[in-house]
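Protein chains: 2
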Amino acid sequence: MLGGSRQAGDTLDLMPSSTPTPTPIAYTEAEIAGVTFDGNGLVPAIIQETGTGTVLMMGWMNEASLRRTLETGRTWFWSRSRKEYWCKGETSGDRQYVRGAAYDCDADCLLFEVEQEGRGACHTGERSCFFRAFGSGADPGPR
Amino acid sequence: MLGGSRQAGDTLDLMPSSTPTPTPIAYTEAEIAGVTFDGNGLVPAIIQETGTGTVLMMGWMNEASLRRTLETGRTWFWSRSRKEYWCKGETSGDRQYVRGAAYDCDADCLLFEVEQEGRGACHTGERSCFFRAFGSGADPGPR
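These protein sequence lines are chains A and B, in that order. With numbering that gives the first Met the number 0, letter number 138 in the first sequence gets 137, and the count goes up by one each step, no holes. With numbering that gives the first Met the number 0, letter number 71 in the second sequence gets 70, and the count goes up by one each step, no holes.
No wet-lab data here; the hints were simulated from the structure. One should not assume that every hint holds.
Any copy, or any two copies together, can satisfy a pair, since identical chains are not distinguished.
[Claimed, not checked] List time: in silico SDA-like cross-link candidates among lysine to any residue, alpha-carbon distance up to 25 Å:
1) 82 x 51
2) 82 x 132
3) 82 x 49
4) 82 x 104
5) 82 x 52
6) 82 x 41
7) 82 x 134
8) 82 x 135
9) 82 x 29
10) 82 x 123
11) 82 x 19
12) 82 x 94
13) 82 x 50
14) 82 x 18
Computed from a predicted model, the values in this text were never measured in an experiment.
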């Protein structure tokens with residue numbers, strides 16, 4: 000076969016066409032240095048779904064997980080309870096591919112626009128973690 | 000004039016038709032008791048614009064400001080630097096009228112959908128506080 004033609008068995012043919020591609024986000028050292036981390040070295044990161052605008056979840060990042068998120072194009076958080084880094088969807092398959100990254104006027108909160116793979120962002124199976132409204136009569140306790 | 004007819008000079012006629020109406024949000028004591036406040040008694044509150052889905056800002060609430068927000072239908076925060084309650088837009092006129100209120104799966108983050116009055120949510124004059132993207136070359140320092 001000629002030129003750019005693909006053959007059956009090429010890796011490209013085996014990948015589902017819906018698999019998103021991780022894309023690194025450019026950043027400067029001045030931007031990282033400008034971020035205000037709290038007393039525990041953390042900054043809240045809001046995760047919003049690209050296209051729909053749905054707020055999916057909020058997680059915490061330290062400087063290393065922020066860098067890893069920007070460099071890999073996947074969302075990396077710091078778990079305050081488990082005291083370890085975690086990459087969203089690494090276990091569940093519900094991965095997040097970063098499509099935009101911003102910081103607020105005080106540089107003490109981050110906002111990531113992501114392509115959400117799989118069922119969604121919440122460990123309960125809901126697409127968004129914010130599925131319970133005040134006054135809805137839903138079980139109020141943490142799950 | 001008869002029945003429900005309005006007369007010129009009625010209060011209703013003097014109000015600009017674009018002024019939003021604050022609407023209290025129903026809640027239960029169990030819902031408030033279920034919210035997890037941090038060691039400083041605070042919980043992050045994400046503010047999203049209704050309709051557009053734009054994430055406008057993130058602020059901190061304690062239990063009292065959360066109750067006040069739900070009861071008045073306007074956003075009330077706790078300022079960690081000034082150590083005082085503040086109602087968004089009370090000085091600037093850029094008020095926020097709550098149209099929805101939710102809490103996440105861990106009940107340690109809140110999400111409010113608001114109708115944003117005036118210029119926007121940011122004290123810089125931008126509509127959203129998240130107007131600076133990583134890699135955009137914008138001044139990274141806090142304003």
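Checked hints:
Taking the closest pair of Cα atoms, residue 82 and residue 51 never come within 25 Å of each other, the shortest separation being 32 Å inside a single copy and 36 Å across copies. For the identical chains of this complex, residue 82 and residue 132 are neighbours neither inside a copy (30 Å) nor across copies (28 Å), given an alpha-carbon limit of 25 Å. Proximity of residue 82 and residue 49 under a CA criterion of 25 Å is satisfied in neither setting, with 29 Å inside one chain copy and 35 Å between copies. Within a single copy, residue 82 and residue 104 get their C-alpha atoms only as close as 28 Å, which misses the 25 Å cut-off; across copies the closest is 19 Å, which meets it.
Taking CA atoms no more than 25 Å apart as the test, residue 82 paired with residue 52 passes in neither setting, with 30 Å inside one copy and 32 Å between copies. Both within a single protomer and between protomers do residue 82 and residue 41 lie at most 25 Å apart by alpha-carbon distance, with minima of 12 Å and 21 Å respectively. Proximity of residue 82 and residue 134 under a CA criterion of 25 Å is satisfied in neither setting, with 34 Å inside one chain copy and 29 Å between copies. In this assembly of identical chains, residue 82 and residue 135 lie within 25 Å of each other by CA distance neither inside one copy nor across copies; the values are 33 Å within and 32 Å between.
Taking identical chains as interchangeable, the C-alpha atoms of residue 82 and residue 29 are never at most 25 Å apart, the minima being 27 Å within one chain and 30 Å between chains. Taking identical chains as interchangeable, the C-alpha atoms of residue 82 and residue 123 lie at most 25 Å apart only when both belong to the same chain, with a minimum of 21 Å there against 36 Å between chains. Neither within a single protomer nor between protomers do residue 82 and residue 19 lie at most 25 Å apart by alpha-carbon distance, with minima of 29 Å and 44 Å respectively. Proximity of residue 82 and residue 94 under a CA criterion of 25 Å is satisfied intra-copy only: 21 Å inside one chain copy versus 39 Å between copies.
Proximity of residue 82 to residue 50 under the C-alpha cut-off of 25 Å is found in neither arrangement, the shortest distances being 32 Å within a copy and 37 Å between copies. In this assembly of identical chains, the alpha carbons of residue 82 and residue 18 never lie at most 25 Å apart, being 30 Å within a copy and 47 Å across copies at closest.
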